[in-house]
Structure formats: structure tokens, C-alpha cells
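Undergrad: Model the full assembly from the supplied sequences, consistent with the hints where possible.
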Amino acid sequence: SAVISQKPSRDICQRGTSLTIQCQVDSQVTMMFWYRQQPGQSLTLIATANQGSEATYESGFVIDKFPISRPNLTFSTLTVSNMSPEDSSIYLCSVEAAGLTDTQYFGPGTRLTVL
Amino acid sequence: QKEVEQNSGPLSVPEGAIASLNCTYSDRVSQSFFWYRQYSGKSPELIMSIYSNGDKEDGRFTAQLNKASQYVSLLIRDSQPSDSATYLCAVKRNQGGKLIFGQGTELSVKP
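Sequence lines, in order, name chains A and B. According to our numbering, the first sequence is numbered sequentially starting from 38. According to our numbering, the second sequence is numbered sequentially starting from 2.
Quick caveat, the hints were computed from the structure, so don't treat them as lab data. Take these hints with a grain of salt, some might be off.
What the hints assert, rightly or not - Selected chain B positions facing chain A (in silico; Cβ < 7 Å):
| no. | residue |
| --- | --- |
| 1 | S44 |
| 2 | S50 |
| 3 | Q96 |
| 4 | L100 |
As the list claims (entries may be wrong) - Now the in silico label distances, taken between C-beta atoms and shown as ranges:
| no. | chain 1 | residue 1 | chain 2 | residue 2 | range |
| --- | --- | --- | --- | --- | --- |
| 5 | B | G17 | A | S90 | 51 to 57 Å |
| 6 | B | K111 | A | S64 | 36 to 42 Å |
| 7 | B | S13 | A | N109 | 43 to 49 Å |
| 8 | B | S9 | A | N87 | 30 to 36 Å |
| 9 | A | S90 | B | S21 | 41 to 47 Å |
| 10 | B | L47 | A | S106 | 42 to 48 Å |
| 11 | A | E123 | B | S21 | 34 to 40 Å |
| 12 | A | T67 | B | S9 | 32 to 38 Å |
| 13 | A | I49 | B | S109 | 28 to 34 Å |
| 14 | A | N109 | B | L47 | 21 to 27 Å |
| 15 | B | N95 | A | K102 | 25 to 31 Å |
Each residue gets a CB set at the ideal place from its N, CA and C atoms; glycine is no exception.
TA: Given below as C-alpha cells:
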């Protein structure tokens with residue numbers, strides 16, 4: 038499986054500011070995804086990060102709030118913009134490599150607290 | 002109806018017992034099924050994937066799939082306290098598609 042790292046691992050931010058989360062993979066992968074896990078909840082997909090084109094957002098998530106970049110096959114960023122306390126969550130990057138299986142592996146996550 | 006449903010638990014079993022975790026899904030065209038384990042404060046880690054009807058065994062873990070009943074289960078034999086975690090069932094339609102997660106079942110294995 039791929040080795041996935043995320044930065045920062047955690048942060049405490051003020052309301053109204055923005056935070057960019059980075060996801061780095063040690064090998065080229067076809068698919069990269071961003072999930073949110075709110076306290077005590079399961080995982081919800083925010084968007085699929087597409088290499089070289091705009092991300093594909095799920096219902097309830099918009100590009101202005103969660104802009105995503107994916108400049109190459111090993112790296113992606115998620116920005117949480119104009120944050121409010123409701124954005125306090127764990128943000129997780131996941132990847133799926135091309136091949137015989139369609140398994141997704143998760144990064145360690147970024148724990149965000151908005152005051 | 003939620004797309005993927007699990008009993009939230011907590012499910013408590015004694016050490017050495019079999020833990021049975023269940024999951025149902027609503028999308029009949031789903032092709033791939035996964036069980037992830039998530040320890041508190043950690044990210045999900047894959048335990049099992051299953052694609053065909055029947056059983057798939059890996060060590061102490063057995064995944065069972067019944068597409069006709071739209072039902073997936075995970076059995077953990079000889080449960081250990083280290084198995085105490087939240088178990089997430091996830092379903093996807095096709096390769097490259099998105100994972101749909103259930104709410105997770107919290108498992109507690111008592112020494």
C-alpha cells in the first residue's frame with residue numbers, strides 16, 4: 038500500500054481564517070480523495086481531486102469553501118476557507134492506485150479546531 | 002434510508018469470543034465492499050475487502066457477502082482487547098468511484 042502523509046497533523050485556527058492541508062503520497066496514484074470526519078461521526082466525502090482539472094465536489098460542498106488542487110499524481114491540497122467552529126473536524130486524504138484492486142488507503146488525518 | 006447502515010453499538014464481547022459486525026446497503030449495483038478499523042484518534046485502516054458472494058477469510062477475520070440480501074458482515078474470531086475500535090463498513094459502485102461509509106460499530110472486547 039502507498040505511504041501517505043498529511044500536513045499539518047493538527048491546528049487550532051481563528052474564525053474567518055483559512056487553512057491549507059497538504060497530502061503527499063510516496064508513489065503515483067490515479068485517484069485522490071478528501072474526506073471530513075466530524076466529531077463522533079463517520080466519514081463524508083468532500084471531493085475527488087482530479088489531476089490537471091477541477092475537483093469533483095459532492096453535494097453540500099462547494100469550491101469556494103473547499104478549494105482543492107492536484108498539480109501531479111503524488112500531491113494534493115485542500116483549503117478550508119473562511120472557517121467557522123462548524124468546520125472543526127478531522128480532514129482525511131485517501132488514495133486509490135491503479136491496478137487489480139480498488140482499495141482506498143487513508144492518510145493520518147488533520148485535526149482542525151476552529152475557535 | 003441511509004445508503005450504508007450499521008448498528009452503532011457499542012458491541013461488547015468477552016476476550017476470546019467471536020465478534021459479529023453487520024452492515025446493509027441500499028444500492029444494488031454496488032460492486033466492492035470494505036471493512037475498515039479505526040482506533041480512537043487515528044485514521045481508518047483497511048482490514049478486508051470482498052467482491053464476490055460468500056466468505057473470505059484472513060487470519061482471525063472473515064468477511065461475508067450476500068448481494069441478494071444486500072448484506073455484508075465481519076466476524077472476528079478469538080477477539081482480543083486490541084480489537085477494541087470502531088469498525089466501518091464501506092461500499093462502492095466501481096473502481097475509481099467514491100466510498101460510501103456506514104456510521105460505524107464500536108466494538109469493545111473485555112479482558
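Undergrad: Taking the Cβ atom of A/S90 and the Cβ atom of B/S21, is their distance within the range 41 to 47 Å?
TA: Holds - the Cβ-Cβ distance for A/S90 and B/S21, about 44 Å, lies within 41 to 47 Å.
Undergrad: Given a hinted range of 28 to 34 Å, is it respected by the beta-carbon distance of A/I49 and B/S109?
TA: holds, 31 Å
Undergrad: Measuring from beta carbon to beta carbon, are A/E123 and B/S21 in 34 to 40 Å?
TA: For A/E123 and B/S21 the Cβ distance comes to about 36 Å; the hint holds.
Undergrad: Starting from the hint 32 to 38 Å, judge whether the C-beta atoms of A/T67 and B/S9 obey it.
TA: Distance hint for A/T67, B/S9 holds at roughly 33 Å.
Undergrad: Against chain A, run the beta carbon of B/L100 and see if the smallest gap drops under 7 Å.
TA: The hint holds - B/L100 has a Cβ within 7 Å of chain A, the shortest such distance being about 6 Å.
Undergrad: Using the beta carbons of B/G17 and A/S90, state whether their distance is inside 51 to 57 Å or not.
TA: Given range 51 to 57 Å: holds, Cβ gap about 52 Å.
Undergrad: Given a hint of 21 to 27 Å, does the C-beta separation of A/N109 and B/L47 actually sit inside it?
TA: holds, 25 Å
Undergrad: Do B/K111 and A/S64 keep their Cβ atoms within the hinted range of 36 to 42 Å?
TA: holds, 40 Å
Undergrad: Is 25 to 31 Å respected by the C-beta to C-beta distance linking B/N95 and A/K102?
TA: holds, 28 Å
Undergrad: Does the hinted range 43 to 49 Å hold for B/S13 and A/N109 at CB?
TA: At roughly 46 Å between Cβ atoms, A/N109 and B/S13 fall inside 43 to 49 Å, so the hint holds.
Undergrad: Holds or violated: is there a CB of chain A closer than 7 Å to the CB of B/S50?
TA: Given a least distance of 6 Å, the restraint on B/S50 holds.
Undergrad: I want to verify a distance hint. Is the separation of the beta carbons of B/S9 and A/N87 within 30 to 36 Å?
TA: With Cβ atoms ~34 Å apart, the hint holds.
Hint 10 from the earlier list is the only one contradicted by this structure; the remaining hints agree with it.
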